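Enquirer: Sequence:
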Amino acid sequence: MISPAIEQLMKEHEETMVIPAENVANVMKEHPLEHALLLLSQAGYSTIPVLDKEDHFVGLLSLNDIVKKMLGIDGIDTSNLEELTVADVMKTDVSVMRPDAELEDVLHLLVDASFLPVLDHDRVFCGIVTRREILKAVNYTFHAFERKKPEAKVMLHANL
1 MISPAIEQLM KEHEETMVIP AENVANVMKE HPLEHALLLL SQAGYSTIPV LDKEDHFVGL
61 LSLNDIVKKM LGIDGIDTSN LEELTVADVM KTDVSVMRPD AELEDVLHLL VDASFLPVLD
121 HDRVFCGIVT RREILKAVNY TFHAFERKKP EAKVMLHANL
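Oh and the sequence shown: position 113 is 113 in the UniProt record's numbering, straight run, nothing missing.
Everything labelled a hint here was simulated from the structure, so no lab data went into it. Here the structure is a predicted model, which means the values were calculated and not measured. Wrong hints could be hidden among the right ones.
Unchecked claim - Subject to a maximum C-alpha distance of 25 Å in a straight line, what follows is the list of computed PhoX-like cross-link-like pairs (lysine-lysine):
| no. | residue 1 | residue 2 |
| --- | --- | --- |
| 1 | Lys91 | Lys69 |
| 2 | Lys11 | Lys29 |
| 3 | Lys91 | Lys68 |
| 4 | Lys11 | Lys69 |
| 5 | Lys11 | Lys136 |
| 6 | Lys11 | Lys53 |
| 7 | Lys136 | Lys69 |
Unchecked claim - Taking CB as the label site, the calculated pair distances span:
| no. | residue 1 | residue 2 | range |
| --- | --- | --- | --- |
| 8 | Arg132 | Asn80 | 19 to 27 Å |
| 9 | Gly72 | Leu107 | 34 to 42 Å |
| 10 | Thr16 | Val124 | 19 to 27 Å |
| 11 | Ala101 | Phe142 | 18 to 26 Å |
For every residue, glycine included, the Cβ atom is placed at its ideal position computed from N, Cα and C.
All chains, full assembly: derive it from the sequences and hints.
Expert: Written as structure tokens, this is what we have:
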């Protein structure tokens with residue numbers, strides 16, 4: 001369990017923890033792999049969300065997934081990238097979160113993921129929470145705890 005005092009300080013950064021969907025690079029599951037490879041390489045991301053035409057989250061696509069598909073016995077073969085779609089190589093078994101997720105659950109999931117897709121109850125993609133943004137909030141909390149919330153120390157000790 002996270003101390004209420006710590007969680008309160010972390011929630012001061014709640015708005016910046018979620019990167020909104022409109023600011024997140026993504027691909028559609030119907031896109032050709034060639035398009036996805038160009039997007040990933042130009043955007044500088046290693047993994048991006050995959051959406052359907054109604055903005056429902058359907059999986060994640062990584063540069064590594066595409067490269068694995070290009071590797072053949074004789075080397076790299078890019079000839080099938082136009083014929084294959086994102087849906088042919090994306091991962092569908094990925095951790096996601098809801099906007100009202102418990103902070104402790106989010107922290108546990110981010111141990112193994114660099115970001116978590118945020119979905120509403122209809123699986124519509126709302127954005128992502130990145131490990132980077134969470135760590136920035138943790139850093140702020142650690143530095144602000146002593147000076148900003150003297151009453152938080154009392155709350156913390158009361159919970160021990």
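Enquirer: Now tell me, hint by hint, if it's right for this structure.
Expert: Hints and how they fare:
1. At roughly 13 Å between alpha-carbon atoms, Lys91 and Lys69 fall within 25 Å of each other, so this suggested pair holds.
2. In summary, the hint linking Lys11 to Lys29 is not supported, as the alpha carbons are separated by about 34 Å, beyond the 25 Å threshold.
3. Annotation: proposed proximity of Lys91 to Lys68 holds, straight-line Cα distance about 13 Å (limit 25 Å).
4. For the given pair, Lys11 sits about 41 Å from Lys69 by alpha-carbon distance, which is inconsistent with the 25 Å threshold.
5. Proposed proximity of Lys11 and Lys136 is supported: the alpha carbons are some 12 Å apart, at most 25 Å.
6. Restraint check: the Cα-Cα separation between Lys11 and Lys53 comes to about 33 Å, which exceeds 25 Å; the hinted pair is violated.
7. Of the supplied pair hints, the one linking Lys136 and Lys69 is violated, its CA atoms being roughly 35 Å apart against a limit of 25 Å.
8. A hinted range of 19 to 27 Å for the beta carbons of Arg132 and Asn80 is inconsistent with their spacing of about 34 Å.
9. Against the hinted window of 34 to 42 Å, the Cβ-Cβ separation of Gly72 and Leu107 comes to about 41 Å, which satisfies the hint.
10. Evaluation of the 19 to 27 Å hint for Thr16 and Val124 yields a pass: the beta carbon distance comes to about 21 Å.
11. At roughly 22 Å, the beta-carbon separation of Ala101 and Phe142 lies within the given 18 to 26 Å, and the hint holds.
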